[in-house]
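Participant: Chains A and B, in that order, give the protein sequences.
All the letters of the first sequence, read from the start, carry residue numbers 1 to 334 under our numbering.
All the letters of the second sequence, read from the start, carry residue numbers 1001 to 1586 under our numbering.
Rather than coming from a laboratory, the hints here were simulated on the basis of the structure.
Being a predicted model, the structure only gives us computed values, none of them experimental.
Each hint should be verified, as a subset may be incorrect.
[Unchecked claim] Below 35 Å or equal to it, Euclidean Cα-Cα: the simulated DSBU-like pairs (lysine-lysine) are: (1) B:Lys1376 x B:Lys1502; (2) B:Lys1106 x B:Lys1162; (3) A:Lys46 x B:Lys1502; (4) A:Lys46 x A:Lys146; (5) B:Lys1130 x B:Lys1376; (6) B:Lys1441 x A:Lys46; (7) B:Lys1130 x B:Lys1243; (8) B:Lys1441 x B:Lys1106; (9) A:Lys46 x A:Lys108; (10) A:Lys146 x B:Lys1130; (11) B:Lys1106 x A:Lys46; (12) A:Lys46 x B:Lys1376; (13) B:Lys1376 x A:Lys108; (14) B:Lys1106 x B:Lys1130; (15) B:Lys1243 x B:Lys1441; (16) B:Lys1162 x B:Lys1130; (17) B:Lys1502 x A:Lys108; (18) B:Lys1162 x B:Lys1243.
Given next are the chains, with one letter for each unit.
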Amino acid sequence: MMRRLARRLAWSAFVVWATVTLAFVVSNVLPQDPARMIAGAQARPKDVERVRAQLGLDRPLYVQYTTFLRRLVHVGPALGASRPEAHATCGGAGPLHVDLGTSYQKRKAVVALISDALPRTLFLAATATLLQLVLGVASGTIAAAKRGTVWDRGTVAVTLLGISVPTYMIGILLQWVFADRLRLLPLDGYGRTPLEHVTSVILPATTLGIFGAAWYTRLVRDEMIELLHQDHVRTARAKGAGRLAVVVRHALRNALVPLVTVVALDFGGLLGGAIVTESVFRWPGLGSLGVGAVLDRDGPVILGSVLVTAIVVVVMSLAVDLAYPLLDPRVRAR
Amino acid sequence: MRSIPGSSALLFAAFSGALAALSGCKAGDLAAPLPAAHADDPAPRRGGILRLSSFADIRVIDPANVADGLVPEVNNVLFAGLVDYDEAGRVVPDLAERWEVLDDGKRFRFVLRRGARFHDGEEVTADDVKRSVERALGPGAPNPYASFYESLVGFAAFQSGKEDALRGVTVEGRYVVDFRLSERDATFLPVLALQPLRPVCRSAGRRYSDAWTPCGAGPFRFVEGGTEHGRHVSVVRHEGYHKPGLPHLDGITWTFLVNLATERFKFERGDIDVLHDFLQADVTRLVRDPRWRPFGAFDVERQIGGESMNTEIPPFDNVEIRRAVAAAIDREHYRLVRPANIRPFGSPVPPAVPGYDPAAPVQRFDPAAALEHMRKAGYPYDPATRTGGWPHPIPYYVYRTGLAEYTAQILVQELARIGLRLEIHVVNYPTYIAFTGRRGKAPITSYGWQQDYPHPHDFFDPLFHSHSIAEESSNNTAFYRNPDLDDLLDRAKRELDPAAQKVLYAEAQRIVCDEAPWAFTHTFRFYDVHQPYVRGYRPHAVWTHRVQESWLDRTGADGPRALLDHGRREALGALLGSARDARGRR
């Protein structure tokens, strides 16, 4: 088990390194000029050249890459309130530093920008995932248990709508109804107090949740229909188990195994940034940060966002691998 | 997926019905303006927070690093300069009570207003002016406008780090500071009125640093924690502002990265007070709506647009081809793309720029002349048989969501009528910017130029002077080189007499319109609309949202929200009613 875990960890580290290296190469070989994006489209050539030199963008690519890697994880003095200027852009714990450099555009440490954005994205992603999971599992189970009834038809119709309508349309529609017309919730933003954070997350999380819930409903319904016709379920019924107990204990539990993979990867994806939803609702998360960086060719922020997203997806994937044996005894036995 | 049960049209019908009923009105209807409490009283009232918003975000609040198009609004209320622009774009005193031009135009002496104070309470002195200039132009400052000030004596040595002090700026007493230039420069005062050299508090230090809390001598001051990237900026009144009685407002907040549709929702419900960013359909509605028209105004035209032709790449290395293009474009067609914002225009300097000469030659639509120029170029084209013309397709670069994505289709058709076939390449904005400024890359591109400072030099010099050509990041996207024009522009820059300067720029305009490195097509103007309770709000020739003299005249403590409460109840009633209807239909 430990060897398997070590192998998985090593592979995960390689995936993260490869992803970030690829992002570095791609963002540098594209036919674009970050210095001009920083200085502005109307900046005079002399000013653009000076900005290029100040940021080290005039150095060879391999020099920029090795500088980035050398700085990324290093050992330094413990990070306290007063830190040496050489480590002003570092984050980390104790002597172990992580330094993603300074945003070209925002002139702030990328570590600080990501530290601000990540908890908000985590909050939105967790709320949306919870919402879609609860709604999806509940409605999928009911639809399967009541197959062919108006419940089932209604659920399938609504999920079809949820999957078909683009997220930005759902977002604007919810915003218009619940914030603009009914004034029940904030139009956008993140709020300043904990209560405002909670009210602010409802619409973006619902926007994401509608799509996810519709998808999960379909997934759970189909799995459940399959499972409800399995021999072990029929046996349980024959032995006198109640209908609810059969559905929940014998069918739903098994239906959740494939769902775990989907949920974990979805959660990882959402942590990487729900770009459209964050934009519609002005949610200051990783998605907005990453998109802004790509549009502005803000290299350090692009790399920081890619790194965080890669780590999150790899960790979630690892977590799924580790969770399978716990959920499915057959995997444990192997 | 195994099965999809039968039709659920009923559900869809109920859903659609509920939405339609919820709207309670025709799609796209605008809410009524929220009235002023004392519309007949012109006396300014003190107090209130003005709320502004934008779809974009600011990067850094620092006059030494004006890195985006939005931050000047914020800088403008935080930092006062020695001089500023009035509403017509003329340079007027601000922290300096007066100035003198000495040494045949090579020295400007500014006498500071006594008692003007920074936000930290310190008095603004000549030392602060010199320190702020050196901070903004020093070797480590990322100032994208630094080269505007290269006529200062010792600029190059100071910026390269060879000298510790900028020799061209000298303190001649506590309230007197001199700026010495290496040669006469008619643009010096207009560029000084820009923001980069505006005095900053001593806490800013002598050299640029990102770790600094903005502090200047403007009418509003920054509050600690008053900003967060991608979210907001808040400023409050500076009680020590040097203009008596100003500002009227208690403060201003900007909210950033607001989706355009959300901005309109917020504006209509009174959550923001001035609307500057629009969906195209909303501009048209607001301009046409008689209830809103009195509270809207177009900015002055400070942006030109056109087709930049690379004079180093065939076929545009042939002046006759360029002339043909300039004559082939019916600029009225461009206007139809954005009727509210675009005005057909065939000259390199927009009319709002001081020194603009309406009598100077312009480019005009003349299809017969265009065909004649094609013939002279050696590529005659017969529109009847559609034969002749330039034999190869020409790549034409535009970027997504830009205006040119639409005007490109007009241009393709206009040029096809004279035998030039364009191939549209839609790229993203960073690629577009890189391609247009890269030597030998783009034969023809749609390009625009927004006034940096109100002077004809700001249009002619970067766009058409040969010293603005670079291998990368060229402002002169036509890579146009004409020694006569260079000489004319250099002389015009040194000419301090406005009448003589006007003659020189008229001649420059004649050359540029005739040799056509650009086919000038239009000017672009933005539209602003404010709620009636925002008073004293007027468009400005240079600055967007210049609100130093604005005040608020709301109807009550909770003003706009209270007025709209009945609207909310109506909407809720509509939703409940539609739900009942939907149940009834089932």
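Participant: Checking one constraint from the list: CA of Lys46 (chain A) to CA of Lys1376 (chain B), max 35 Å. Satisfied?
Facilitator: violated, 38 Å
Participant: Are the Cα atoms of Lys1441 (chain B) and Lys46 (chain A) separated by 35 Å or less?
Facilitator: holds, 20 Å
Participant: Verify the proposed pairing of Lys1130 (chain B) with Lys1376 (chain B), using a straight-line Cα cut of 35 Å.
Facilitator: Not satisfied, since the Cα-Cα distance of roughly 57 Å exceeds 35 Å.
Participant: Hint check: Lys1106 (chain B) vs Lys1130 (chain B), CA-CA at most 35 Å. Holds or violated?
Facilitator: holds, 18 Å
Participant: Has the given pair, Lys1376 (chain B) with Lys108 (chain A), been kept, meaning a C-alpha gap of at most 35 Å?
Facilitator: Distance ~57 Å between Lys1376 (chain B) and Lys108 (chain A) Cα, so the pair is violated.
Participant: Measure nothing beyond the straight line between the CA atoms of Lys1243 (chain B) and Lys1441 (chain B); if it is 35 Å or shorter, mark the hint as holding.
Facilitator: With Cα atoms ~51 Å apart, Lys1243 (chain B) and Lys1441 (chain B) exceed 35 Å; violated.
Participant: Is Lys1502 (chain B) within 35 Å of Lys108 (chain A), Cα to Cα?
Facilitator: violated, 45 Å
Participant: Measure nothing beyond the straight line between the CA atoms of Lys1162 (chain B) and Lys1243 (chain B); if it is 35 Å or shorter, mark the hint as holding.
Facilitator: Violated: Lys1162 (chain B) and Lys1243 (chain B) sit about 40 Å apart, past 35 Å.
Participant: Does Lys1130 (chain B) sit within 35 Å of Lys146 (chain A), going by the straight-line distance between their CA atoms?
Facilitator: At roughly 81 Å apart (the allowed maximum being 35 Å), Lys1130 (chain B) and Lys146 (chain A) break the hint.
Participant: Against the 35 Å threshold, does the CA-CA distance of Lys1162 (chain B) and Lys1130 (chain B) hold or violate the hint?
Facilitator: The hint holds at about 18 Å.
Participant: Are the Cα positions of Lys46 (chain A) and Lys1502 (chain B) separated by 35 Å at most?
Facilitator: holds, 28 Å
Participant: What's the verdict on Lys46 (chain A) and Lys108 (chain A), does the C-alpha distance respect the 35 Å limit or exceed it?
Facilitator: holds, 24 Å
Hints 4, 5, 8, 10, 12, 13, 15, 17 and 18, counting from the list given before, are not met by this structure.
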